[in-house]
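S.K.: Read off the chains here:
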Amino acid sequence: MSDVTTTHATEAAADTGTAYGLELGGPLDDLARVGPGTPFGEVLRRYWHPISKAEKATTTPRRVKVLGEELILFRTRRGEPALLHPRCIHRGASLYYGGVEEDGIRCCYHGWVFDPQGHCLEQPCEPDLGQHRDKVRQPWYPVRERYGLVWAYLGPAGKKPVLPRYDVFETIPEGQQLIVNDAGVGGGGPEVLDFNWLQHWENVMDPFHVPILHARFSGEQFTAEMAVIPEVTFEYTPVGVRSTQIRKLDDQRALRRRTEVMFPNLRVVPSPRLTPGPTNLIGWVVPEDDTTFRIFTLAVHEDPDFLVKLRSTFGGKPWAELSEEEHRRMPGDYEAQKSQGPISLHSEDHLTTTDQGVAMLRRMMARQIRAVTAGDDPVGVIRDPADEIVGITGGNFFLTREEALAEGLVDA
Amino acid sequence: MPSPAALLAKYTPAAVTAGRPLAVLGVDGVVVLEGEARVPARLEHLSARGKWVRDLQVPDGTREAVAHLARRYGIVWASEWGPNAHLALAGVLGLPAAPWPYLPVQFNKLAAIREYAAGRPWVWIDDPVVDLDPLPGEPGGVIVRVDPARGLAGLDLSVIDEAVFGPAA
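Residue numbers (UniProt numbering), protein chains in the order written: chain A, 1 to 412; chain B, 1 to 169.
Note that these hints are calculated values from the structure, not bench results.
For each residue, glycine too, the CB sits at the ideal point set by N, CA and C.
Heads up, some of the hints might be wrong.
[What the hints assert, rightly or not] DSS-like, lysine-lysine: derived pairs with alpha carbons at most 30 Å apart: (1) B:51 <-> A:248; (2) A:160 <-> A:135; (3) B:51 <-> A:338; (4) A:248 <-> A:53; (5) A:159 <-> A:135; (6) A:160 <-> A:65; (7) B:51 <-> B:10; (8) A:135 <-> B:10; (9) A:160 <-> A:56.
[As the list claims (entries may be wrong)] Some but not every residue of chain A turned toward chain B, in silico, with C-beta under 7 Å: (10) 233; (11) 234; (12) 236; (13) 239; (14) 331; (15) 335; (16) 339; (17) 340.
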């Protein structure tokens with residue numbers, strides 16, 4: 001055998017694992033998909049979800065998409081918000097073209113009028129404005145207003161829970177205000193994020209990406225402290241998964257940062273710019289469908305632009321002003337998560353223990369699917385109004401050297 | 001679901017000693033990772049060299065149960081803990097220094113197990129929450145579902161031995 005032949009044979013033996021004939025896996029559809037009848041879509045349909053800023057529910061009908069369902073949001077002239085299925089039950093014209101009146105919306109085609117609960121109030125071409133109008137019902141969903149948001153319940157009638165309150169928003173300190181944002185705070189990209197919602201939600205339980213993606217790789221996108229690789233404790237809570245991240249700082253202090261995911265889709269991520277103390281903001285990751293989602297965020301702060309200023313910058317520039325080359329060179333959350341695909345191929349993941357938060361979240365999602373399939377409530381569903389206030393434990397807590405020493409978080 | 005070939009195309013697990021049936025273990029099927037244990041157990045505080053920390057409960061009798069399986073089967077981990085399942089649990093379970101092979105899968109593990117077993121007899125011991133796809137009527141091996149609040153110590157291993165080796169085991 002010649003030397004050339006030997007070299008080729010050696011190289012051929014070493015060329016394993018090439019992409020030739022690559023066969024890719026697929027998503028965990030049971031967890032990722034949200035449409036009616038899907039396993040986790042049914043879990044999501046056991047909770048209230050924010051669907052719009054309250055100020056955007058007006059007497060002009062607006063198309064909204066929630067959990068794969070196209071719906072029409074409007075506010076009657078009396079001020080009541082309403083969420084109806086768009087297809088008029090008479091002959092199918094869309095209520096998007098309807099006219100909002102005192103007590104409901106009038107279809108543009110033959111004038112049938114529906115109230116926010118879908119009752120037909122008038123059929124103007126029929127005798128006596130419709131002698132049998134009380135026999136029909138436009139499909140509708142219950143909506144409520146709280147904290148400057150419109151909340152909707154898209155689940156079975158008999159399972160509707162109490163709409164939660166959150167302790168952090170119940171008492172607004174003097175000089176501060178409630179800030180409502182629907183522009184994708186925390187997503188690191190556009191207002192409507194164009195990939196599967198789960199990629200974003202599980203990123204909340206991935207604290208190890210912070211010192212890599214947001215510091216070493218793309219430059220300091222938040223603060224110097226966030227560049228330190230933390231020691232992370234993962235734990236289940238009654239309503240989700242929590243990570244506690246300990247960072248030993250150069251000045252002998254320690255930072256204890258606690259983030260949470262809470263079912264069904266809450267992201268409790270304290271300010272990455274390290275506003276100290278219990279978190280003053282919470283976000284909700286609300287799927288429009290399987291490949292688009294919104295983030296609704298509430299915060300309490302004296303500066304009305306607090307959430308806008310919170311957003312990461314890239315070399316000092318906001319995400320929207322980056323060139324394609326700058327996106328490539330300084331990727332952030334949006335680039336990383338969108339590049340996982342429209343719906344990530346979860347079976348391709350090679351998880352390890354630093355991914356435990358992600359794995360724990362997926363496992364807890366699977367458990368909720370089993371609970372709902374068995375006819376039980378998933379975690380976090382509130383039945384008793386006396387339990388309506390939900391406590392939040394996330395935050396940025398700085399420990400002095402003495403405190404850190406006492407807890408064994410830094411070396412003596 | 002993806003084919004077994006896709007699941008293991010980018011990862012080559014180590015082989016198990018030939019000649020013995022396989023016992024495929026999910027971490028969730030061995031120790032108690034969530035909620036309170038329903039049997040006497042001790043709390044263990046695991047750390048991977050200052051990176052991640054996790055508290056878990058090890059029911060009394062778990063070490064002995066694992067040792068029993070290791071004497072009779074070739075052990076394979078199948079979990080989202082990947083290579084660290086053996087590393088992290090070695091101390092609390094008294095595992096050998098040389099790590100057992102692992103399959104890096106969290107859900108729908110059956111296809112990967114069948115692919116790996118390649119015709120050898122196997123028993124898969126795990127928590128049922130990992131099954132998102134319904135299990136087939138003829139899985140090709142023995143599947144044992146564990147009460148996640150009891151872990152491996154809640155099982156009668158003689159029943160498993162009999163299912164794998166036959167009544168004379």
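S.K.: Hint numbers the structure violates, sorted upward?
M.R.: 4, 8, 13, 14, 15, 16, 17
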